[in-house]
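Q: Listed in order, the protein sequences are those of chains E and V. With the numbering used here as the guide, the letters of the first sequence map in order to residues 6 to 706. With the numbering used here as the guide, the letters of the second sequence map in order to residues 113 to 333.
Treat the hints as calculated values from the structure; they're not laboratory data. None of these values were measured; they are calculated from a predicted model. Check the hints yourself; a few may be wrong.
Stated by the list, open to error - Residues from chain V that face chain E, not an exhaustive set, calculated with beta carbons under 10 Å:
1. 172
2. 229
3. 271
4. 311
5. 315
6. 319
7. 324
8. 332
To be verified - 30 Å max Cα-Cα, derived DSSO-like pairs, lysine-lysine:
9. 225(V) / 289(E)
10. 296(V) / 364(E)
11. 577(E) / 225(V)
12. 288(V) / 258(E)
13. 296(V) / 258(E)
14. 132(E) / 33(E)
15. 164(E) / 132(E)
16. 364(E) / 333(E)
17. 693(E) / 519(E)
18. 396(E) / 333(E)
19. 269(V) / 577(E)
20. 225(V) / 230(E)
21. 693(E) / 547(E)
22. 296(V) / 647(E)
23. 577(E) / 256(V)
24. 241(V) / 202(V)
25. 149(E) / 230(E)
26. 647(E) / 256(V)
27. 648(E) / 296(V)
28. 202(V) / 519(E)
29. 319(V) / 647(E)
30. 289(E) / 233(V)
31. 547(E) / 256(V)
32. 233(V) / 519(E)
33. 258(E) / 289(V)
34. 202(V) / 577(E)
Even for Gly, the Cβ is constructed at its ideal location relative to N, Cα and C.
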Amino acid sequence: MAKVTGWTGKLLRVNLTTGKITTEDSMKYNKDFIGGAGLGYKVIFDEVPQGTKAFDEANKIVFAVGPLTGTTAPCSGRTNITSLGPTNPYHAVTDSHMGGNFGPWLKFAGYDAIIIEGASKSPVWLKIEDDNVTIEDASNLWGKGVIDTTHEINKIMGKEACVAAIGPAGEKMKNLASIVNTVNHSAGGHGGILGAKKLKAIGIKGTKAVHIAEGKAKDWLDLNKYMLGEIIGANNNHVVPSTPQSWAEYHSKGSRWTAQTALFWGAANPPVETGECPPGDLNKVGLRTQKAVFDLGPVAEARTVKMGGCYSCPIRCQSNLYVPELEKYGLTPYATSTCINFSAPGTAMLNGYSDGDSKGEVALITKCLGSRLADDYGIWSNYGQLPRDFKYAYSTGKLKEVLPEEEWNSIDWSLLEKGDPGWMLEFYNNLIGDGEFSHLLDGPYYLDQRWNLGEEYWNGAGNNVWSKMAYPKHHSNEAGAQVGVLVNIMFNRDANSHTHMNFIGAGLPIELLKEIAGEVWGSPDALDAPMNYTPMNEYKAKFAKWSIDRNMLHDSITLCNWVWPMTVSPSKERNYRGDTALEAKFYSLATGIEMSEEELDLQAERITTLHRALTIKNMNTIDMRNEHDYIPEWVFNVDPDKKPFTEGTVKLDREDMQLALTMLYREYGWDEKTGAPTRETYERLGLKDVADELEKLNLLP
Amino acid sequence: MSDFDTLEDAIEDVSEGEAVLENEVVLEEDNRVEPEVLIEEPEELDKVALIGLHIRESSMYGRLNNAEDFLDEPFSLEVEEALSLLEELKSRDDFSDIIFHKGKETLYMYSDKYMSNNYAKLLILVEEKDMFRMIAETVRDESKTYPRPTDARLFTKAPFNLTRSEFQQVYEELRKKEEYSDIKEVRASNQALYLFSDKFMKEALAKSLAEWIEVEAEQNP
Ligand code: SF4
Numbered sequence: 006m007a008k009v010t011g012w013t014g015k016l017l018r019v020n021l022t023t024g025k026i027t028t029e030d031s032m033k034y035n036k037d038f039i040g041g042a043g044l045g046y047k048v049i050f051d052e053v054p055q056g057t058k059a060f061d062e063a064n065k066i067v068f069a070v071g072p073l074t075g076t077t078a079p080c081s082g083r084t085n086i087t088s089l090g091p092t093n094p095y096h097a098v099t100d101s102h103m104g105g106n107f108g109p110w111l112k113f114a115g116y117d118a119i120i121i122e123g124a125s126k127s128p129v130w131l132k133i134e135d136d137n138v139t140i141e142d143a144s145n146l147w148g149k150g151v152i153d154t155t156h157e158i159n160k161i162m163g164k165e166a167c168v169a170a171i172g173p174a175g176e177k178m179k180n181l182a183s184i185v186n187t188v189n190h191s192a193g194g195h196g197g198i199l200g201a202k203k204l205k206a207i208g209i210k211g212t213k214a215v216h217i218a219e220g221k222a223k224d225w226l227d228l229n230k231y232m233l234g235e236i237i238g239a240n241n242n243h244v245v246p247s248t249p250q251s252w253a254e255y256h257s258k259g260s261r262w263t264a265q266t267a268l269f270w271g272a273a274n275p276p277v278e279t280g281e282c283p284p285g286d287l288n289k290v291g292l293r294t295q296k297a298v299f300d301l302g303p304v305a306e307a308r309t310v311k312m313g314g315c316y317s318c319p320i321r322c323q324s325n326l327y328v329p330e331l332e333k334y335g336l337t338p339y340a341t342s343t344c345i346n347f348s349a350p351g352t353a354m355l356n357g358y359s360d361g362d363s364k365g366e367v368a369l370i371t372k373c374l375g376s377r378l379a380d381d382y383g384i385w386s387n388y389g390q391l392p393r394d395f396k397y398a399y400s401t402g403k404l405k406e407v408l409p410e411e412e413w414n415s416i417d418w419s420l421l422e423k424g425d426p427g428w429m430l431e432f433y434n435n436l437i438g439d440g441e442f443s444h445l446l447d448g449p450y451y452l453d454q455r456w457n458l459g460e461e462y463w464n465g466a467g468n469n470v471w472s473k474m475a476y477p478k479h480h481s482n483e484a485g486a487q488v489g490v491l492v493n494i495m496f497n498r499d500a501n502s503h504t505h506m507n508f509i510g511a512g513l514p515i516e517l518l519k520e521i522a523g524e525v526w527g528s529p530d531a532l533d534a535p536m537n538y539t540p541m542n543e544y545k546a547k548f549a550k551w552s553i554d555r556n557m558l559h560d561s562i563t564l565c566n567w568v569w570p571m572t573v574s575p576s577k578e579r580n581y582r583g584d585t586a587l588e589a590k591f592y593s594l595a596t597g598i599e600m601s602e603e604e605l606d607l608q609a610e611r612i613t614t615l616h617r618a619l620t621i622k623n624m625n626t627i628d629m630r631n632e633h634d635y636i637p638e639w640v641f642n643v644d645p646d647k648k649p650f651t652e653g654t655v656k657l658d659r660e661d662m663q664l665a666l667t668m669l670y671r672e673y674g675w676d677e678k679t680g681a682p683t684r685e686t687y688e689r690l691g692l693k694d695v696a697d698e699l700e701k702l703n704l705l706p
Numbered sequence: 113m114s115d116f117d118t119l120e121d122a123i124e125d126v127s128e129g130e131a132v133l134e135n136e137v138v139l140e141e142d143n144r145v146e147p148e149v150l151i152e153e154p155e156e157l158d159k160v161a162l163i164g165l166h167i168r169e170s171s172m173y174g175r176l177n178n179a180e181d182f183l184d185e186p187f188s189l190e191v192e193e194a195l196s197l198l199e200e201l202k203s204r205d206d207f208s209d210i211i212f213h214k215g216k217e218t219l220y221m222y223s224d225k226y227m228s229n230n231y232a233k234l235l236i237l238v239e240e241k242d243m244f245r246m247i248a249e250t251v252r253d254e255s256k257t258y259p260r261p262t263d264a265r266l267f268t269k270a271p272f273n274l275t276r277s278e279f280q281q282v283y284e285e286l287r288k289k290e291e292y293s294d295i296k297e298v299r300a301s302n303q304a305l306y307l308f309s310d311k312f313m314k315e316a317l318a319k320s321l322a323e324w325i326e327v328e329a330e331q332n333p
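Please construct the entire structure, taking both the sequences and the accompanying hints into account.
A: Here you go:
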């Protein structure tokens, strides 16, 4: 048999009930499902009985990576975690994703995946050192935060080990709990499952290489050089700078390509100027995204030590900051985070900040403090829905109504009123406490069941909850009209799919984007100008399908979907065209299996369809159109004085969205009435066994 | 980039007979960047070529040239000679990247290899010191091309570099002028001022886009 490259060819199965640890051939999954999410779905579909709940012993949790993880493919350091989702009303399958080093370390130890099953009676942690895998006692770690847990395990395994851990939120089986590696790379939503299994942490150290196909080293280097030199942009693959620059035809204030003359990593010694970073200069790709300033405003410049990020990522979207004010709150003077982890704590400051400046020093200290606490306690913001839920409950008086008087009086509300950063300690400490306040970590569906939040909670625009599935919107109707909505209905948590948004937000003029849309999805009509929408058409359905499938591909192969795919580039010489075949090119060179773009997209479609099958099995209904793909009222009610398809609104039309669902189902070959895949489609995609199983459960259309 | 920090270095080097304008720095094989060659045939260096090189270098650093630049050092040309050399430069195939733009009072030049046409257009608007046109043309371009309303703070940043009060003054005047009556304003909910041209964009669209850029995008990272 040919040597397996790209993958390791082996997975680890750890049964916490019996203590049994075994290895298996992972290629039985990888060949058809690539790895990562694809592998995870297959394991959960095959092995977790219908009706199982997220925290049941029978649930399993799969940490899985793909053939590119641990290689030097750009942005390939991410890890996919698959399990039943505790926030979902049906506990249907979800993924959580973390960057950092965990995935590559798993490969270096020789594994493509870890399947955790059963549940331990007492707290344990999993120690992986190449072939030496042991279950260790964690009673002295239980109760500790992520940071202390990580330090303790690093003391045992050495600082080169990568540790993924849960904090108190996970231990207490909160629905909004995360798993965090390297103290600040968090994956949201599955922390409570590790808590239920009493698995506090996983430490990994490996000494093995990740091989690429024999004789392909030069091709690999050339491909990397081509991608870094001509194709890649900044974070979110924004391909124009945020300010006018002499080399650039275009600029966009919202671009994450913030590098510019006289903008620094100001706390570096000596300070590093980001400068202009035009395409072609490989060594400047890593300076393009000064994300601290993008996330926190100009005050962050002087505090930026450097931009950090995941293994093998040239984009570096993680801000590493020096914030000595944190010492006042008992923390070290550093903060490392990005994106929603900074903005979510800010949303919980309902009265703003004491200095009245949402981009000032107090805001920066508050957001750094909040993100540090969230990571240490292992709390997931649910893409910012957690602080929005707090805001809703507080401002409607519901919180006061449901909190026992003693608990309400024990909270120092003056900190919130004054806009004091200390509110973060109050907020997060109460979330991991045992009071009623902590039920904010139940997530929208279960919180509503407990607190009866009312119609307005679900239907009001601005609250952003995606009913009935009870997750927040994530680049939906504001992101490509029907395309964004279709992407949002497909998952069982907020859509962590950036494929469509990266393209829409790239910063290029609409005519150029429409031209490219025409080349990729068949017609420029696939894309509307922002907030100037047109009715549904089949090209939008193709765009939506492609976005979903590429997201599935990235979570399986693994590549960072906050940068990939390369639909556009910053290169004027290429007329801003990207290269959508790059995933297939890297896959082929890593695995030695020649794979065209179309063939790899078909694999991704198989994974999407398997995800759909698993959702059908979890929900025990084929009526996806009405029970799962439900579109919240606010999509149709926003801007009451405006009509759909008029300039300046993201409002959509009910009938048009039903047509959009039909067109998407048609693209996938799913039953147009129910939105469930047909046997024919399952078989076309090599999923006959899945169809057979669903037939037994009476779940085929 | 060339090994030479300045055009003067290049000239000096050429005069000493070491004519290869290539990057000699040995980089790791993986990191090797294609060396840039400012000119293909160094022996052809004459005054026309030196002018062409000078323009390229200026563009590389984000600066425009105008015809008067060559009357000063290091060229110190007479007006007639400068004009005839520039005329010859226009016809040189090896300098086809040099773009000439006739302004109100002078001739502007840049290399489109090193400076984008759009950026050169902004610089010309700045150089011409017609602040009304500078603001209006920029706003019209953005409303038409992207399309998006223009954040008024853009004009306080490079390459415009107006102070806030200068902008305020110019903008107040501009609003009174008939020829710029298409330039309209909208405010996002945080009161940030955005401008748009109603020749290319309706107010409703401008307003919702301003709100998205200014407020909502940050809430949906
Ligand atoms: S872009 Fe950011 S999240 Fe993605 S791989 Fe790079 S550092 Fe990680």
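Q: If a hint holds in the structure, say so; if it doesn't, say that too.
A: Hints and how they fare:
1. Interface hint status for residue 172(V): upheld, as the beta-carbon distance to the closest one in chain E is roughly 8 Å, under 10 Å.
2. Interface restraint check for residue 229(V): the shortest CB-CB distance to chain E comes to about 7 Å, inside 10 Å, so the restraint holds.
3. At a threshold of 10 Å, the smallest CB-CB gap from residue 271(V) to chain E is about 6 Å, leaving the interface hint in force.
4. A cut of 10 Å between beta carbons decides the hint on residue 311(V): the least distance to chain E is about 14 Å, and the hint is violated.
5. At its closest, the beta carbon of residue 315(V) sits 8 Å from a beta carbon of chain E; the interface hint therefore holds under the 10 Å criterion.
6. Hint status for residue 319(V): holds, given a least beta-carbon distance of 6 Å to chain E, under 10 Å.
7. For residue 324(V), the interface hint holds, since its Cβ comes within 10 Å of a Cβ in chain E; the closest pair sits about 7 Å apart.
8. Evaluation of the residue 332(V) hint against chain E yields a held restraint, the C-beta minimum of about 7 Å falling below 10 Å.
9. At roughly 19 Å between alpha-carbon atoms, residue 225(V) and residue 289(E) fall within 30 Å of each other, so this suggested pair holds.
10. Under the criterion of a C-alpha separation no larger than 30 Å, the hint pairing residue 296(V) with residue 364(E) is consistent with the structure, at around 27 Å.
11. With a C-alpha separation of about 10 Å, the suggested pair residue 577(E) and residue 225(V) falls inside the 30 Å cut-off, and the hint holds.
12. With a C-alpha separation of about 28 Å, the suggested pairing of residue 288(V) with residue 258(E) holds against the 30 Å cut-off.
13. The suggested pairing of residue 296(V) with residue 258(E) holds, with an alpha-carbon distance near 20 Å, which does not exceed 30 Å.
14. Restraint check for residue 132(E) and residue 33(E): the C-alpha separation of about 25 Å stays at or below 30 Å, so the hint holds.
15. A C-alpha spacing of about 14 Å is found between residue 164(E) and residue 132(E), which places the hinted pair at or below 30 Å, so the restraint holds.
16. Note on residue 364(E) and residue 333(E): the hinted pairing holds, with a Cα-Cα distance of about 21 Å set against a maximum of 30 Å.
17. Of the supplied pair hints, the one linking residue 693(E) and residue 519(E) is violated, its CA atoms being roughly 38 Å apart against a limit of 30 Å.
18. At most 30 Å may separate the alpha-carbon atoms for a hinted pair to count; residue 396(E) and residue 333(E) meet this at roughly 26 Å.
19. For the hint pairing residue 269(V) with residue 577(E), the CA-to-CA distance comes to about 24 Å; that is within 30 Å, so the pair holds.
20. A C-alpha spacing of about 21 Å is found between residue 225(V) and residue 230(E), which places the hinted pair at or below 30 Å, so the restraint holds.
21. Note on residue 693(E) and residue 547(E): the hinted pairing holds, with a Cα-Cα distance of about 25 Å set against a maximum of 30 Å.
22. Between residue 296(V) and residue 647(E) the CA atoms are separated by roughly 21 Å; this keeps the pair inside 30 Å, and the hint holds.
23. Between residue 577(E) and residue 256(V), the direct Cα distance comes to roughly 20 Å. Compliance with the 30 Å bound is thereby established for this hinted pair.
24. Restraint check for residue 241(V) and residue 202(V): satisfied, since their Cα atoms lie roughly 26 Å apart, inside the 30 Å limit.
25. Distance hint between residue 149(E) and residue 230(E) is unfulfilled; the C-alpha atoms sit about 44 Å from each other, more than 30 Å.
26. For the suggested pair residue 647(E) and residue 256(V), the alpha carbons sit about 23 Å apart, so the restraint of at most 30 Å is met.
27. With a CA separation close to 24 Å, the supplied pair residue 648(E) and residue 296(V) stays within the 30 Å bound.
28. Taken as a hint, the residue 202(V) and residue 519(E) pair is broken in the structure, with Cα atoms around 35 Å apart against an allowance of 30 Å.
29. At roughly 13 Å between alpha-carbon atoms, residue 319(V) and residue 647(E) fall within 30 Å of each other, so this suggested pair holds.
30. The hinted pair formed by residue 289(E) and residue 233(V) meets the criterion: a straight-line CA distance of about 26 Å does not exceed 30 Å.
31. Only pairs whose Cα atoms come within 30 Å are accepted, and residue 547(E) paired with residue 256(V) is accepted, the gap being roughly 28 Å.
32. At roughly 24 Å between alpha-carbon atoms, residue 233(V) and residue 519(E) fall within 30 Å of each other, so this suggested pair holds.
33. Note on residue 258(E) and residue 289(V): the hinted pairing holds, with a Cα-Cα distance of about 28 Å set against a maximum of 30 Å.
34. As the CA atoms of residue 202(V) and residue 577(E) are separated by approximately 23 Å, the hinted pair is consistent with the 30 Å bound.
Of the hints listed earlier, those the structure fails to meet are numbers 4, 17, 25 and 28, in rising order.
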